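Visitor: Given chain W, put chains L and U in place with the hints provided.
Top line first, the protein sequences correspond to chains W, L and U. In terms of my numbering, the first sequence opens at residue 1 and continues consecutively. In terms of my numbering, the second sequence opens at residue 1001 and continues consecutively. In terms of my numbering, the third sequence opens at residue 2001 and continues consecutively.
It is worth saying that the hints were derived from the structure and are not from the lab. Possibly wrong hints are sitting among the right ones.
Claimed, not checked - Under the rule of at most 25 Å between Cα atoms (straight-line distance), these lysine-lysine pairs were calculated in the BS3-like manner:
1. 1161(L) <-> 1182(L)
2. 1182(L) <-> 1456(L)
3. 2291(U) <-> 119(W)
4. 1208(L) <-> 1182(L)
5. 2160(U) <-> 2094(U)
6. 2005(U) <-> 1080(L)
7. 1161(L) <-> 1406(L)
8. 1389(L) <-> 1406(L)
9. 165(W) <-> 1208(L)
10. 1062(L) <-> 2291(U)
11. 1401(L) <-> 1161(L)
12. 165(W) <-> 1161(L)
13. 2005(U) <-> 119(W)
14. 1389(L) <-> 1161(L)
15. 1080(L) <-> 1456(L)
16. 1205(L) <-> 1182(L)
17. 1389(L) <-> 1401(L)
Stated by the list, open to error - Quick look at which bits of chain W chain L covers, simulated, 3 or more residues with Cβ under 8 Å:
18. 144 to 153
19. 156 to 170
To be verified - To list a few chain L residues with every Cβ distance to chain W over 12 Å, as calculated:
20. 1082
21. 1190
22. 1307
23. 1323
24. 1327
25. 1389
26. 1397
27. 1418
28. 1432
29. 1448
All values reported here derive from a predicted model rather than from experimental measurement. Built from N, CA and C at the ideal position, the CB exists for glycine as well.
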Amino acid sequence: MQALVSQPAKRRSPIERFGLWFDQERVFGPALVAPAILLLVILIAYPFCVAIYLSMTDRVIASPETNFIGLGNFIDLLGDSIFRRTVINTFNYAFVSVVFKLILGMAMALVLDQVRFMKNFFRGILLLPWIVPTSLSALGWLWMFDSQYSIFNRLLLDSGLIEEKIIWLGTPFWAMLSVQMVNIWRGIPFFAIALLAGLQTIPQDLYEAAQIDGAGGWSRFWNITFPLLMPVTAVVTLFSIVQTFADFQIVFVLTRGGPVNSTHLFATLTYDVAIRGMQLGEGAAISLWMFPVLLIAVVLQLRYLQRD
Amino acid sequence: MNKQRMPRRDFLKLAALTGTSGILAACGVRATEIPATEAATQVATEAAATEAVVEPLSVVDKLTMKLRAAFMPQGNEVLKAIIQDWGARNNIPVEVDIVSMNDLQTIAATAAETGAGPDIIEINQGSAHLFADRLVDVSDVCEDLASRYGGYYAAAEEACKVEGNWLSVPRFFAPHAINYRKDLFEAVGVTTPPATWEELYEVGKALKEAGLAPIAFPLGHAVGDGNDFNYSVLWSHGASDVAEDGRTVAIDSPETRAALEYMQRLFSVMPADTLSYDDAANNRAMLAGSISATNNAATIYGTARNQGTVIPGSDPAVQMHTVIDHSLYPEGPAGRVTYAEFMSSAIFSYSPNVDAAKALLTYLNEEAQLAPWVAPNLSFVFPALRAFKENILMPWNTNPKLAAFKDYAETSHLPGFPSSNFRGGTESYARWLVVDMFASVCAGTATIEDAIATTKAQLEEIYSA
Amino acid sequence: MIASKRTRNILRNTGIYTCLAIFVVLMLFPFYFMFVTSIKPDSELYSGNCGNIFGGIDFEPETACQDNPLWVRQPTIAHYRYLFTSTDFLIWLKNSLVVSVVSTGISISIGTLAAYSLARIRFKGAQALGTMIFITYLVPTTLLFLPMAYVIRSLGLYDKPITLMITYPTFLIPFCTWLLMGYFRGIPRELEECAMVDGATRLQALRMIILPIMLPGIVSAGLFAFTLSWNEFVYALTLVSSNIFKTLPVGVVSQLVLADVYFWGPLMAAALLGSIPIAILYSFFLEYYVKGMTAGAVKG
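The shape of chain W in the complex, shown without the other chains (with noise of 0.2 Å):
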């Protein structure tokens, strides 16, 4: 499309030819994108770029000098426990709080799709976990899993389900599951939220034509709903994945790694190895261990995209 109607020729001010010249699509289209680009460049490639140089190197916070050692803090960590420990934890974590919060989530969007009376209210608070900071309500999670005071095994007990308390955030086992189990209560609104809007855009005649065809309840779920919310599912489950992949809050408030470093992940043992043991170069080979996983699944979800 032509940028101006002609105008009758003279002699243009140079700001107005400034002006005709910003105008044109080539010029006034990058221009206004290269804020944010300059942005990320220097704020996001940069550090990057950083990171992967610093993970070659042995370098520790204050120390006189900086050694390039090529791929020698990825080596050494595949040798050390506590990081392979923390592999295992992280992709423990994530799996299983990302199948729970799908589960969870598309549960609670099925019943808030039913329900008729003060809908919008409960959909409003039932987001609350997920809007609330984080770093706050996993305070109050630490308060509840106290190993004096919490009110869990305080009902537990009272109600004799269990003889004994459980030290939340004190065996390995208990802790692990723990930390998950904030990362779902967090997750679930998000997930509920993302599918509920999906479900409200599948046509209702589908499941009347099902219902009159003899289908049940289970078969319409399995046949109509699924099918047809998996772009929806695909999008907001591979989001999860990668955010779920880089937590920290969760854990740095609850366990910090602990105990025994049966909580640490990936983020929580970075902050650990580098800023409190001050180990640079080591820190940043952990972090970029994550790295692989997230560009999978990010391409993943690029693709999922770009589809339509």
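Guide: Positioned in the frame of chain W, the structure of chains L and U alone reads:
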């Protein structure tokens, strides 16, 4: 040296009027230090004369310092007031930020890394070794204070003296002791606190068998209590992570095995959640009446007193602080060796205000300023200068319950002990290698042999690299 | 047995609302418990366990057994008072507000321009740039915080008031751009073409025609940006260390513990108060939030 600076004219007038002893007195030198002989007097006069050449202290912009938050808010307030008062009298703007220990470590590391930050930062343990080439030599301040106040404890030198030079001004220990419930110990027939680790185990066993609140010592990543307990057990069994030469990893020894085996036995009479104890967990447990003994500073006693904590289920209600007492750490086969939780004040070399910083640090460690700050802190801070141990104003001398904290500093050492490689020791401490070794054996995630082997490999990376 | 339609309906509704009730309890119980803790005096909080919750706890305030964790006998505002007078809570609150507002402002401005350009202007490399912006999801803040701290320190920007205000936009802009691109695509192209035929420059068309229509989208993106900013933790933890510059989440988590003593009452009070601004914002603008969350997912 910090003396009230006098303008030169006045000094000379005073000298003319009062003679030598008057001058020396005006400069703050005590009468007993005035030399007896004439020659000495002459030298002293000349020395005093040159020293009185005047420059009021000055700073660029202001003097900034970051200090560790102590337990009692009053203690922190008093310290701030003392510092601001000094600032006002010397016409120097001072900015003091009192922060938690975690933050302090990050601040120090960042300052060392970037070459910019506060003038004075309180650093912990052997950080002076790690930041050696970023710190100002403060030997003049330290030697002055040491000569006036009876010298420093061994751990202070371990922490602050790097290759013969003082790189940080020793400040205080955060002393620990065994905190225990006198009433519960008496209920199992123990009237004197356990003198050895074995005796402690026996008491723990008795308590568990009697169904009373068990003893509980931290095996988790508790920066203060966890390190304190585990290193103390290790060293008092004659074991250590590094040999005296500072390079050979010595963790693989019969003494280490003895210590690990002991810890396993002790764990069998402790609650399982000690594996996840942070610094606050044992406080909470003891205050709730769920455990009967642990290692800690005086903060449990202090909180019980301040909050009026009552022994749960007691009728009539009994105040918990009346039944809490403190005892020295038990001895092991190698005697009593304890871990030092230690803070010192470092001046960073990027600072443009070194003279003012030195003056302030000297001032703060003098008796007139130290006593009012230590007193409200309930033994949470224990000065690094020996002379203050017997000072009658100190809490451990005024309150018999706090007496056990008095001798803590004497037997304390920094990670890296018994070598002088405190740089390696601090790295090993930062990575929790000793604590994790004990914890993994107690948690059952490693056998004694495996734990030693793993720890040895990790230590070798640090010490033998 | 063939139940009547009405009975089936009642059963069905009972089922649905029971499930709803369960979800409500699961999602909201933590907040309730935090609230009760924040108004409970220390003597009730730490009195130890006595009595059985299900076996009928006596509610008399005078008896020795003080304990019921789910209820409070003598509510107090002491913890809130402590929070305001003896901690830097208000300073952290102010910091969070300022940082969030400024970061949101920057991100929305830059993001709107970028989104408009990528969504509606044809120029070489638009597709690639769009993908590039999206790719920044590959480097979440928890991966980048370490080199970011390093870069920030070497630029001399560590522990300053503007530190977070310039680093937060790095994760806000990609999200805002993506969200707004979706909204922009929904506006017919003819609009600015008409404006330009009438003699407006592109900028003028953008400013005077498009933006007003985009307002709901911009509000949505702005709310999200504000929320993400407010909740951000790891950059605030590692790039700032002075008490007076900390944001609320980091201040509460790192400073409300004095030596080795946790003050649970004030901690819970702080956690709740720190969540309130977001909760309020969100209750007024719920529709925008929901649209924002579903925009990417549903429209694809």
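Visitor: Taking the hints in turn, state whether each one holds.
Guide: Outcome of the hint check:
no., hint, verdict
1, 1161(L) <-> 1182(L), "40 Å, violated"
2, 1182(L) <-> 1456(L), "40 Å, violated"
3, 2291(U) <-> 119(W), "16 Å, holds"
4, 1208(L) <-> 1182(L), "16 Å, holds"
5, 2160(U) <-> 2094(U), "15 Å, holds"
6, 2005(U) <-> 1080(L), "77 Å, violated"
7, 1161(L) <-> 1406(L), "24 Å, holds"
8, 1389(L) <-> 1406(L), "7 Å, holds"
9, 165(W) <-> 1208(L), "17 Å, holds"
10, 1062(L) <-> 2291(U), "51 Å, violated"
11, 1401(L) <-> 1161(L), "33 Å, violated"
12, 165(W) <-> 1161(L), "49 Å, violated"
13, 2005(U) <-> 119(W), "23 Å, holds"
14, 1389(L) <-> 1161(L), "22 Å, holds"
15, 1080(L) <-> 1456(L), "44 Å, violated"
16, 1205(L) <-> 1182(L), "16 Å, holds"
17, 1389(L) <-> 1401(L), "16 Å, holds"
18, 144 to 153, "holds (count 4)"
19, 156 to 170, "holds (count 3)"
20, 1082, "30 Å, holds"
21, 1190, "24 Å, holds"
22, 1307, "15 Å, holds"
23, 1323, "19 Å, holds"
24, 1327, "24 Å, holds"
25, 1389, "33 Å, holds"
26, 1397, "34 Å, holds"
27, 1418, "24 Å, holds"
28, 1432, "9 Å, violated"
29, 1448, "15 Å, holds"
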